[in-house]
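Residues per chain, in single letters:
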Amino acid sequence: MTEHLPFSADATLIDRIGRELVAKQETALVELVKNGYDADATEVKVTINGNSVTIDDNGTGMNRTQLVEGFLRLATSMKVEHPVSDRYRRPRAGKKGIGRFSTQRLGSYLKLQTWTNDAPSGLELRVNWDKFARGVKLDDVTVEVDEIPPRREGTLIEITGLRDEWSDQQIKRCWRAVRNLQQPFPVAPVDQRPTADPGFEASFYRTGELFSDPLLVADFQTEILDHMHAVVEFRVDHEGQAQWRVSENKFGATTSWTAINDEAPDAPSPPPYRYLRSAWLKAYYAILDPIEFSGMTYTRVREVLADEGGIRLYRNGFRVIPYGEQDDDWLGLDATYVRRNVLVPIANRQWLGVIDVHDPEGVRFEEHTSREGLIETPALRELRSLASSVLVTAATMIASQRGRKTRAGSSRAPGAGSDALLRRLREATRSAHEAARADGESLNSETTGAVLAALDQAESVVKEIIAEQTKDYADQSAILQLLATLGLTAAEFSHETGMTFQASGAVFDRVLRVAMEAKAGDNEFLTSAETARSMFERLDALTSYLNDVASARAARELHPVSLSGALEKFKRGIGPVAEKAEIEFEVKYPPLDGLHSSPMHEAEVASILLNFYSNSAKAVKNITGKRKIFVEGLRESEEEIVLRFSDSGDGIAPQNREKIFGLFFTTRPAAPAHSSGLDDAIGTGLGLWIVHQIVNRAKGEVEVVDAPSGFTTCLEVRLPAEKETI
Amino acid sequence: MTTWLFVDDSSPEREALASQIADDVIDVKPMSAKEARQALTDASLKPSGILMDIELGNESGVVEDGLSLAAAIRAEQNKGSVPAFPIIRFSRKTKIAEYVGTDSSSDALFDWACDKESISTEPKLAKLRGYMLAFSEIYASVKTAEAIDGPVKLSTVNWDILGHSALSDRFKIFDRVHSRAGLLAKMLVTPGILISEDLLSARLGIDVNKSAGYADILVALSDYRYQGLGGDHVVRWWARGLEYWWEESFGQDDPLAGLSIAERTGALKSKFGDITPLVQDEKSPGDRPWRYCTLTLEKYGEFMSVDPEWGVPMIARLAHDGWEDPLYAALGVALQTKDDPRLNGDALAFLQKRVKTAK
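Protein chains in written order, with our numbering: chain A, 1 to 726; chain B, 727 to 1085.
Please note: incorrect hints may appear among the correct ones.
[Stated by the list, open to error] Take a look, some chain B residues computed to stay more than 10 Å from chain A by CB distance:
#: 1; residue: 790
#: 2; residue: 825
#: 3; residue: 879
#: 4; residue: 887
#: 5; residue: 1058
[Stated by the list, open to error] No more than 30 Å apart at the CA atoms, straight line, and that leaves these computed lysine-lysine pairs for DSS-like:
#: 6; chain 1: A; residue 1: 571; chain 2: A; residue 2: 699
#: 7; chain 1: B; residue 1: 1082; chain 2: A; residue 2: 588
#: 8; chain 1: A; residue 1: 519; chain 2: B; residue 2: 1082
Keep in mind the hints are simulated off the structure, nothing from the lab.
From the three backbone atoms N, C-alpha and C, an ideal C-beta is built for every residue, glycine too.
All chains should be built: construct the whole structure from the sequences, respecting the hints.
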């Protein structure tokens, strides 16, 4: 006769399973926090208090069935059958069925209280893990369950008789482990996301023996976010109107909400986006340079950003994978930075950000059926462009402000940091002198000691200065090398494509002629054809000018450059371009004075003119009145020649007059990261800095001066004149 | 229909430019250097002329450049194994700077030099076509046993008045068709015996765009229009003829060159009515325009008249023949490019000082 016998287990099996499954106490605590996340809690508060730990969440709690099935039945399949949470559809974070063992791993006594919204009372489960001892049958050990008075929904776990000590470091490790579960910070207004996952926040507290108030020992805000250098935001309303701002900035002033449309960067009133609606960005930005952080903070922030840096995307409050995951460069930030199209640090590892889009109907942002990202809709494309444009613009602005603060060599006056160091050096030297004067008797006297100490101090200060200056020069040298490379590449490009361009022109002309003959009676076509021809001629004039500038690279030696000659070429090359932009363009110089400068490169003068024109052309697009540019070269004296570049654009704000020649300073939104190389060059904040470098090198000056009547802006360059040989 | 070869090492570009240059009377056959050499060697093509690029190295298997190919063709023409035809150097400015620079030794190989960049506008393209047709005609018509008055269609007496013995003497010496034709082509291209209409109007001191009476002046001057070989395609006037006409018309003792613009136009108004005086460019001071600014023509392809009293003399690339006008640069333009070694530095310094003194 066949007998059917059940397995029986020794109660100590529970203890062994717990220890095998959950080796580390931090893992155990993290699992319990994750259980709160899986229960749709928005807050989990962990308090370690002497010999106990409590984990209090505001999740949906458990009813009796869930408690019994989920807690008392080993190897439950509940999390497999319900892979996402009920309320916020969170992917289950907790591992299958190890929560109960975690409580056992942490301490000898468990009290679990849980409340749901639809039950009149709560439930309390108590487990004394010490009962699960060797020699006792598992079936003989019971746990206690009682009904308890109602409370807000959630679960409160209290574990006493802790098996281990808890250090601050261990608590922090726990906190970092659960941080990935949460949307780092709220972004979209609450009313835009009523059904959205409102986020998840885990806080860890420790109550000291002498203090009754809990002491916050670890929190995302204090650990990471408080140390980031800036906060950049944008918002797109339900009509597609976008605005952006820098709401926090450790290197300079913040900015208020400013309208933006990266597709119309020069528009005085940027139009709304065509497809994008209801989107919000909040991104924390850090410059990963040890000198910008204190103590160990740098390492911590760098590590966190290395793992989690990037801009995550949430749709209707739910995380959309893979956007913002490691190795996902959906905004093209890494690619742009690696290509060095943008010089300021803008890689994903510099950012910790969230974009929230609200699209409950799924009409603008639609998920792939595989749930791997969104379908490439026009709205998503616009979102990408806007986001990368805002991030690059903000980073450029911040780099400009940081540059002024730290880069002594990048402006006419040494930076504030260098001034302070020099002052310290002078003070140290003075101390040394004073101490030396007071000395005179014995080398071992106190005053001699003071002299030596002062000299040591002086030496260390000098070393600091040298180190700082070296770093500054290295930075600038790297930028200049890059610019030189770009310049050479541009020159080669222009050289190599010149013939192709002309050949294209020839073919174009031929095609146009044939077409015009064939459609001789079609006035509308003939008008269009004439327009096309005149556009090509303008392009030809500009190309010829740029080729001429590029060919000047062959002249490596410095020699006096005729400002009059440069202005004549500039007028011929740029005049047609200005005409196309409906700009009244006048270039004036004395007809019988070459206006020769002290030795320079001819291409440098052309570069000054092109940079000025580029800025002016943008500035005059922002006005409704007459667009005018007036360029004048003149001789101020035997020793000095002057270039004045005036326009009737929207002007330079008084507070920016001193800043515009700084590295990376720009008031224009940057091109999106995925844009063409040509657009990349616009709004980089490099143009006027380059002008400043050129003029400085020629021992001249450049500044914003009062504009002549009828104009709003005037940039003036003063260059030493060539010494007369006659 | 005249057929020219365009020798260039880049296939799509030579095709494109060839189609741009070609018109109803000029056929341009784009060819690689290898193809051109082969066609000339086996006489499968008898071109009216060649447009020769300088750089030919982008074509695989070709090691020569346009200069050496042109020299080889001229050598063959000397031997008589290749018929005489004109060669125009047709290259980009950057390539000219690279291959030629200031060395003028190769200049004589070519009848004219044209920058590729310059033909992007219709007037400059028309100028190239005009020269192509004129040169073709000259090369096709010139004979080795003929005095110069034949091809220029003047009587011997008139040549003695309007021409120049330095040119006719040289013409006599040359015993090859291509060298004789080259001399006549040079006469068309280089101001001296003949002048262009730009120079004609400058010497008259007239703003042609604002002078209705100018058309009548041209009619009155028609006896002095060049009617010789190439004259149908390139409008030229006998330079001395203008001066004779002036003396005949106005009977003045002062030669035309010595009169100011106001004096010239004052006289013209009396006979031709609506005449507007020329306004000299601010960069070209003086009021007795007689020459033109070589630098402005080179750089921008534009004509700017120069009063020699205020012009900066320039050294010609090749030894100057007696019949050629001296070269000048307008003072203002010279001051912008004063490092150009062709400029006469002493004259420039003198004029610069003169400007300062005048202030």
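Hint check:
1. 790: holds, 19 Å
2. 825: Its Cβ never comes within 10 Å of chain A, the nearest being 14 Å, so this holds.
3. 879: holds, 35 Å
4. 887: holds, 39 Å
5. 1058: Not fine: 4 Å to the nearest Cβ puts residue 1058 of chain B too close to chain A.
6. A:571 - A:699: holds, 26 Å
7. B:1082 - A:588: Judged against 30 Å, a Cα distance of about 19 Å means the pair holds.
8. A:519 - B:1082: violated, 59 Å
The earlier numbered hints that this structure contradicts are 5, 8.
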